[in-house]
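Those sequence lines, one after another, are chains A and B.
If you use the numbering used here, the first sequence corresponds to residues 27 to 164, in order.
If you use the numbering used here, the second sequence corresponds to residues 23 to 233, in order.
No lab work stands behind these hints: they were computed from the structure.
Incorrect hints may appear among the rest.
What the hints assert, rightly or not - One-sided and incomplete, this derived list gives chain A residues near chain B with beta-carbon spacing under 10 Å:
| id | residue |
| --- | --- |
| 1 | P80 |
| 2 | E92 |
| 3 | P108 |
| 4 | L144 |
As the list claims (entries may be wrong) - To list a few chain A residues with every Cβ distance to chain B over 12 Å, as calculated:
| id | residue |
| --- | --- |
| 5 | L43 |
| 6 | C44 |
| 7 | P74 |
| 8 | I97 |
| 9 | D100 |
| 10 | S118 |
| 11 | G119 |
| 12 | P120 |
| 13 | D131 |
Given the structure is predicted, the values throughout are model-derived calculations rather than measurements.
Don't be surprised by glycine CBs; every beta carbon is placed ideally from N, CA and C.
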Amino acid sequence: MSAFPHKAIAVVSTTVLCLSCQPDLHGPVGPDFRSGAVTPDGGSLPGPYAMNAPYPNPFNPTTAIEFSLPIQSDVLLVAQNPLGDVIETLVSGPLSAGRYRVIWDASKGGTRDLKAGLYFITLHAGGFVGSRVVKLEK
Amino acid sequence: MMLVTAILGLQQIAFPQADRADPRPTAIALELGYYSPARQSFRTNYSQSLFVGSADVPISLGAELDYPISDGTDLYFSFKRINHALKSNRDFSLTLMPATLGVHYYLPKTFIDLGGWTPYFGGGAEFYWSRFSATYLVTQQDPTPLQEISESSNYFGYGITLGVGFEHPLGGRVRSSFAINYDVNRLGFSDEGGLGNVGGLLLSAKIGFTL
Chain A
27 MSAFPHKAIA
37 VVSTTVLCLS
47 CQPDLHGPVG
57 PDFRSGAVTP
67 DGGSLPGPYA
77 MNAPYPNPFN
87 PTTAIEFSLP
97 IQSDVLLVAQ
107 NPLGDVIETL
117 VSGPLSAGRY
127 RVIWDASKGG
137 TRDLKAGLYF
147 ITLHAGGFVG
157 SRVVKLEK
Chain B
23 MMLVTAILGL
33 QQIAFPQADR
43 ADPRPTAIAL
53 ELGYYSPARQ
63 SFRTNYSQSL
73 FVGSADVPIS
83 LGAELDYPIS
93 DGTDLYFSFK
103 RINHALKSNR
113 DFSLTLMPAT
123 LGVHYYLPKT
133 FIDLGGWTPY
143 FGGGAEFYWS
153 RFSATYLVTQ
163 QDPTPLQEIS
173 ESSNYFGYGI
183 TLGVGFEHPL
193 GGRVRSSFAI
203 NYDVNRLGFS
213 DEGGLGNVGG
223 LLLSAKIGFT
233 L
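Bound conformation, chain A alone (with noise of 0.2 Å):
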């Protein structure tokens, strides 16, 4: 068995899959986490956060998105629309280091009808704000 297993996390109206990640959620963030570095004085230095491009895309009505996180975090991820307004708040709360992946199914949750057209998924983590243009096809 993994020393990370996968483990889901109910988060709103979505699902976060943690691909890889430290077992405590809460728990303090080691010094040999997986996307970590060292740097020569021996001390952590945390790897880049980074979100990768949802897939698919364009997609209809799921995409997936996966993110990656070096520490512990504080995480907000958002779909929002051209004007900057969230339509769906897919993941809000603290992730401990580690890979993750959530499915944004469109065609629920939210409190609109979403049409056809270009959206924006926003992550944010830390200092790190990231957003990935995602077209819905219908």
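Dock chain B against the given chain A, drawing on the hints supplied.
Just chain B now, kept in the frame of chain A:
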């Protein structure tokens, strides 16, 4: 047209013929402005820049034609370009391009004398053209990008703008002015039932040249 008629009517009531400002020549003006959208999500997610990819410069660019329709009143037509880039992904931009037809009413010196400065009120109807441009990665079964696609969508709408300003001659055929305007508009967006307000406050400085 109703707005123009209303303002001319108010002008007739408020100020007798003898109080009106001197006849004004036709002029063109270039405008630099700072646009602050009223919508919180818009301010939070977008930076403003002259050109997508440039350093953030929170200004708008515009041009204006002023045509006198009566003493102290100009009919104006303006066109502005305001670029916004998504802070967290510069591949996504929103460009607002309002075209405005309105009137400026310049208060006569007999009503208020501010030395070389002439205060004015303005209002107009706006036709809004906005353009979303985005570059996204085409994927299928995994995050590996298969293709990069750049796509643009045009959205149209309407709005009104109201404002006040001060004009000051710079000598010869050149004049400057400073104005503050507030825009309210409705644009068609894909997920809002056709309505969305990207209006806000526009602080602008203009330099004009009489023809």
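Hints, verified against the model:
no., hint, verdict
1, P80, "holds, 7 Å"
2, E92, "holds, 6 Å"
3, P108, "holds, 5 Å"
4, L144, "holds, 5 Å"
5, L43, "holds, 14 Å"
6, C44, "holds, 17 Å"
7, P74, "holds, 14 Å"
8, I97, "holds, 20 Å"
9, D100, "holds, 17 Å"
10, S118, "holds, 16 Å"
11, G119, "holds, 20 Å"
12, P120, "holds, 21 Å"
13, D131, "holds, 15 Å"
Taken one by one, the earlier hints all hold for this structure without exception.
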